[in-house]
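Chain by chain, the residues:
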Amino acid sequence: MSNAAAIIYAVDDDVSIGRSLSLLLKSHGYHVETFTQAEEFLAIKHPQVASCLLLDIRLPNINGFALQEIMAQRGIMTPIVFITGHGDIPMSVKAMKAGAIDFLAKPFTEETLLAAVTAAITKSKVLNKEQTEVSRIKRRIATLSPKELEVFHFVAQGLMNKQIASRRGTALQTIKVHRGRVMQKMQAKTVTELIGFAKMAGIVPRGN
Amino acid sequence: MLKKNAANRQSRADEQIHIRTKAMEATADGIFIIDAQKDNFPITYINPSFQTMTGYAKREILGHNYFSLYGPEADPRIVAEIKHTIELGKSFHGEMLNFQKDGRKYWNLLRIAPIRDAKGVVTHYVGIQTDISLMRERDLEIKEQREAILHVTRVGKMAEFVSSLAHEISQPLTAILAYAQAGQRMFGDREPQIKEIFQYIINDDQRAAEVIRRLRVLLRKSEPEIKALDINTLINETVMLITTDVTVRNSVLKTELSGGLPIIYGDRIQLQQVLLNLISNSFDAMEGNIEPREMCIRTILKDPETILVEVSDSGCGISDENKGKLFLNFFTSKPDGLGMGLSISRSIVETHGGKFGVKDNKGRGVTFYFTISIKVVEAI
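Quick note, the sequences are listed as chains F and R, same order.
Going by my numbering, the first sequence opens with residue 203, and the numbers climb by one from there.
Going by my numbering, the second sequence opens with residue 137, and the numbers climb by one from there.
Because the hints were derived from the structure by calculation, they are not lab data.
Where is the CB? At the ideal position from N, CA and C, for every residue including glycine.
Misleading hints may appear alongside valid ones.
What the hints assert, rightly or not - Covered by chain R, per the in silico footprint, the following chain F stretches (three or more residues, Cβ under 8 Å):
#1 211 to 221
#2 224 to 237
As the list claims (entries may be wrong) - One side only, chain F facing chain R, incomplete, derived with CB under 10 Å:
#3 Arg276
#4 Ile285
#5 Thr286
#6 Thr324
#7 Phe356
All chains, full assembly: derive it from the sequences and hints.
And the structure:
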């Protein structure tokens, strides 16, 4: 079963909730780890595998929303499914705006839970793939010389060779050479692809 | 020589009478004198304020029966009571609804007292009446406002209670549902009857969940009514609502409000509820004080976008142990407390985009504070 490759984390201060969800999800073949506090979840290693976090909102010390923020700061990309006994609509809006996959009001059925978990795992896989790609691009960027990096920035902004040459006060021929090396080191076949890499690495805004 | 002294005495007495008459003419209270020895109780004197208050001209009053001035709509029971009281030679003191000549209503605080001659026979009655319409209106307004806040508070407490209860129950229901569904999945295929039993558990669990869901919908907290407000005005209005309590509780309530504060956006009744809750807590905290029982409400512009409101008291303070539990539902240190006040107050402040907290004073007591952002809270 493919579910076994994915890890489901559950953080809920009610031990019985953790245990019962763990049993239910294990019966569907998932690997499950439960915690009663946000701190415990933060303390573990977060391997880059498909994962999902079932997160209670009201927790001692660090609550669910605070944990969501800390995870974003630390780059822990596990998608979050909030589970709460308070059927608060404003809360759910807040959670969804901050990027949660879903917001389940307790008690929820197996079907609802599985749908949310499946969506989270799918999202997690996409995020992980992107992350791998970004790391690869960043490794390539690290091999660029300072001059090549500068040219890369200009190209990424959509500047032509002539414009780059006049801005830097360098001969056009030199720019062409740098640019060729940038393409080669970045393993980009086309300028469009190079600009795509720049966006993924955050060198230019993604919206552009 | 003797003659001259007598003349001096006479002129001093004249001056006294003159001043007394002038005083009666000058006062804003209506003053009248009734001849008690004539059957129809005619009015023999009125001052100018009496004319203004009743709307009748002097010639329409003097010599006429006093009771005819009340108008036909005046409460006959009160009129009868006044007649009865003064016929017994006693003083009357009471409030009644009167009607001016043109029919306009006004509330009259009326005092009538007998004047006796040397033998003790009642010769006249003197009456003083004050128009207390404005005061009565304001009292009524205050009463209505208090009742509105009390109602909102009661509903809020109920909603918070249900919400808390719903949470406590939905926790085990979630676990039961997940256990049953896991059990069904793991063992259901082996034995049809086990599958069936688990299904019954699942069904009944969901039935209970449905009851809670309906209860929640029924008592959903009403959406706040956001309007532009001046926090200082709101505080002054709130203080007015509890002036009587301050006196009854033998306390002093001061305000130190910063001028020129920006307008805020919020729900008037909800914010008043927070203030009243904090004030009432302060009263309770100072109950054991011999003195001073001093409370102070302050407003401070914390930064250009945030107003800080503080309510401090000179009460018994809060132990470190209790501080941690202050905002828990159902936590209370009062024998007749429900333990919802502070948690509701905090949730109101938070929906207004502010922070709520408490700190110890340097001397006695504590200071509860909350902030309000001057920005409009994002509508959800």
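Here is how each hint holds up against the structure:
| no. | hint | in the structure |
| --- | --- | --- |
| 1 | 211 to 221 | holds (count 4) |
| 2 | 224 to 237 | holds (count 5) |
| 3 | Arg276 | violated, 25 Å |
| 4 | Ile285 | holds, 8 Å |
| 5 | Thr286 | holds, 8 Å |
| 6 | Thr324 | violated, 22 Å |
| 7 | Phe356 | violated, 40 Å |
Going through the hint list in order, the structure does not satisfy hints 3, 6, 7.
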